[in-house]
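Student: For reference, the chains in residue letters:
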Amino acid sequence: MGLTERINKTDKLSYYEGQIPIEYVYTYGLGLEKFFRAIKDQGKFLASTCKECGVTYLPARSFCERCLVKIEGTTAVPGTGTVYSYTTVHLNMDESPKKEPALVALIDMDGTDCRFLHYLTGVKADKVKVGMKVKPALKAKKDRKGHIEDIVGFQPS
Amino acid sequence: MAYQKVAIVGAGITKFVRRAQETGKELAFQASKMALDSCGMTIDDIESVSLGTAPDAFDGVHMKGEYLSDGSGGWRKPYMRQFVGGGTGVFAPIHGWLHVASGMFDTCLVVCSEKMSSCYPHPQGAFKTIFDHTTEQALDPTLIWIFALEMNRFMSTYGITKEEIAQVSVKNKKNAMDHPAAQLPMEITVDDVMNSETLAWPVNRLDISPASDGAAAIVLASEHASKRITDKPVWIDGVGWNLDTAYWATRDLSYPRYVEKAARMAYDMAGVVEPKREIEIAEPYDPFDYKELHHMEGLQLADRGKAVEMLLDGVTQRDGDRPMCPSGGALGVGNPIAATGLMKVIEIFLQLRGEAGKRQVPGSPRCGLAQAWGDLMQVGTVVVLRR
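Residue numbers (my numbering), protein chains in the order written: chain A, 1202 to 1358; chain B, 43 to 429.
Hints listed in this document are in silico derivations from the structure and should not be mistaken for laboratory results. Cβ atoms here follow ideal geometry from the backbone N, Cα and C, with glycine treated the same way. Misleading hints may appear alongside valid ones.
Stated by the list, open to error - Restricting the straight-line Cα-Cα distance to at most 35 Å, the calculated cross-link-like pairs of lysine-lysine (DSBU-like) are:
(1) A:Lys1334 <-> B:Lys119
(2) B:Lys348 <-> A:Lys1325
(3) A:Lys1241 <-> B:Lys204
(4) A:Lys1299 <-> A:Lys1343
(5) B:Lys204 <-> A:Lys1252
(6) B:Lys67 <-> A:Lys1330
(7) A:Lys1336 <-> A:Lys1300
(8) A:Lys1328 <-> B:Lys269
(9) B:Lys348 <-> A:Lys1300
To be verified - Computed beta-carbon distance windows for the label pairs:
(10) B:Arg118 <-> A:Glu1224: 50 to 56 Å
(11) B:Lys348 <-> A:Ser1263: 24 to 30 Å
(12) B:Ile85 <-> A:Ala1326: 55 to 61 Å
(13) A:Gly1255 <-> B:Lys348: 48 to 54 Å
(14) B:Arg346 <-> A:Lys1299: 53 to 59 Å
(15) A:Ala1326 <-> B:Glu229: 47 to 53 Å
(16) B:Arg118 <-> A:Ala1326: 55 to 61 Å
(17) B:Gly405 <-> A:Gln1220: 40 to 46 Å
(18) A:Ser1263 <-> B:Gly396: 52 to 58 Å
Unchecked claim - Taking beta-carbon pairs under 8 Å as the criterion, some of the chain A residues facing chain B (in silico):
(19) Cys1254
(20) Thr1257
(21) Ser1263
(22) Thr1288
(23) Gly1312
(24) Tyr1320
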């Protein structure tokens, strides 16, 4: 089997630039629309439970992927949870260093079978532990737009 | 079920580099030509083509299968593109196997080509769009977040340290010193890994595989066709693939259930009853050092939380009892996404034929396995090979 030598220096290569001139306008969909309206208007976390298998999804979904059946209705859950895992992020997307490392966690959400990916706030990295109880920090109602960033992050409870 | 037996009869691989002058098409051509030349075949002998390549966004071309078809020998042939993210490199040969095993074709050229360097300033920009656009993208996640979260959970669940995991990186980058296609072969120490830049704790720079350009290809043939081509066929005796939920955050991150399901599918087909005893050599997917251990457990090659003991005992070294990633893996040879998985298949092919040169493991193994993993850390793809 042959192997070829290949150029390794990038500065001698010619190149040209390109881009994809597209933006996206997404719908929330039938399940997430309810979830984000409740966050915006009431500061509540809406979950939905599959009647077939009993799995509770958060954010609310309109169907169960396990049973492939429709899910009707939603129930509010407290929005509190437990840190399942966490990381301190040191770099931005383009590999430039962040001014302050960001704390990111996966949170086991109480009363559900799901986890949230979000920032941790109001806590130093060396104080974070797997198993730590947390609660959500929401923006003031007037600043909420029905967006995942209406949740500023999760903080120790 | 009645399948045609399917053999790998030839293989080719380009050098993996951070930025190749060649286009993705040209990389595909070079690997395809090498694979055909290695077994004395021409494109006229090929009845079908299976192409694997990862996200269209890497190239900014939204018909990447067709875009790469000329370099892959697809001209006026039954041609099919496969894509399951990082799992693609083992998924494409599985599709090639289906083409031949079904009896539809007697030969199939399987090509995996990836050019990540076109994506500027970094392919992470393309990876961002794999996250859910409503609940996750606004948080500005990178792929490294999810690996950091998974690695932390793996370490927390089993009480494994970063220093222990770093030994995977030390081993694989050293193994790559003997691989002529390798991008990052190096002799490093655990301290080097620990002292390298923190990207997202616990992931440091040397815990992680690079972005790469490269291509790999293999030729598949049915049993009767293989007799005209080679007297050293390597048989694809088992294939398996499995997909978990796209809601990655809700999964058990300490154990890859989908890899277990893919492996059991392949073992059942190959008649492998005791994987720990029967799989003599393996190439688990290792884009991050902890993933080699994580995948060994999913593949049933180690008990849960115990793969690290095999590593520390030297069992997974190239001259150990159960060599893992003797090629140097994604960590050492490089990680041009789709091509990486096929590079792993090729390594087992060469090792079983006794043609791995300086990388040859002792003991003349008869049965090995290659595995890849990808999408939103949710797919496992496995092939079991025997000579």
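Student: Would the pair Lys348 (chain B) and Lys1325 (chain A) pass a check requiring their Cα atoms to be no farther apart than 35 Å?
Tutor: holds, 32 Å
Student: Please work out if Lys204 (chain B) and Lys1252 (chain A) have their alpha carbons no farther apart than 35 Å.
Tutor: violated, 43 Å
Student: For the restraint on Thr1257 (chain A), tell me whether the closest CB of chain B is nearer than 8 Å.
Tutor: violated, 11 Å
Student: Double-check Thr1288 (chain A) for me: the hint is only fine if its C-beta lies closer than 8 Å to a C-beta in chain B.
Tutor: holds, 4 Å
Student: Under the criterion of a CB-CB separation shorter than 8 Å, is Tyr1320 (chain A) in contact with chain B as hinted?
Tutor: holds, 7 Å
Student: Are Lys348 (chain B) and Ser1263 (chain A) spaced within 24 to 30 Å by their CB atoms?
Tutor: violated, 42 Å
Student: Taking the Cβ atom of Ala1326 (chain A) and the Cβ atom of Glu229 (chain B), is their distance within the range 47 to 53 Å?
Tutor: violated, 32 Å
Student: Under 8 Å is the threshold here; is the Cβ of Gly1312 (chain A) close enough to any Cβ of chain B for the hint to stand?
Tutor: violated, 14 Å
Student: With a cut-off of 35 Å on the C-alpha distance, tell me whether Lys1328 (chain A) and Lys269 (chain B) pass.
Tutor: violated, 65 Å
Student: Could you check the hint for me, namely that Ile85 (chain B) and Ala1326 (chain A) are 55 to 61 Å apart, CB to CB?
Tutor: About 56 Å separates the Cβ atoms of Ile85 (chain B) and Ala1326 (chain A), which means 55 to 61 Å holds.
Student: Given Cys1254 (chain A) as an interface hint, is the shortest Cβ-Cβ distance to chain B below 8 Å?
Tutor: violated, 13 Å
Student: Between the alpha carbons of Lys67 (chain B) and Lys1330 (chain A), is the straight-line distance 35 Å or under?
Tutor: Violated, because 48 Å separates the two Cα atoms, which is more than 35 Å.
Violated hints, listed in ascending order, are 1, 3, 5, 6, 8, 9, 10, 11, 13, 14, 15, 17, 19, 20, 21 and 23; each of the other numbered hints is respected by the structure.
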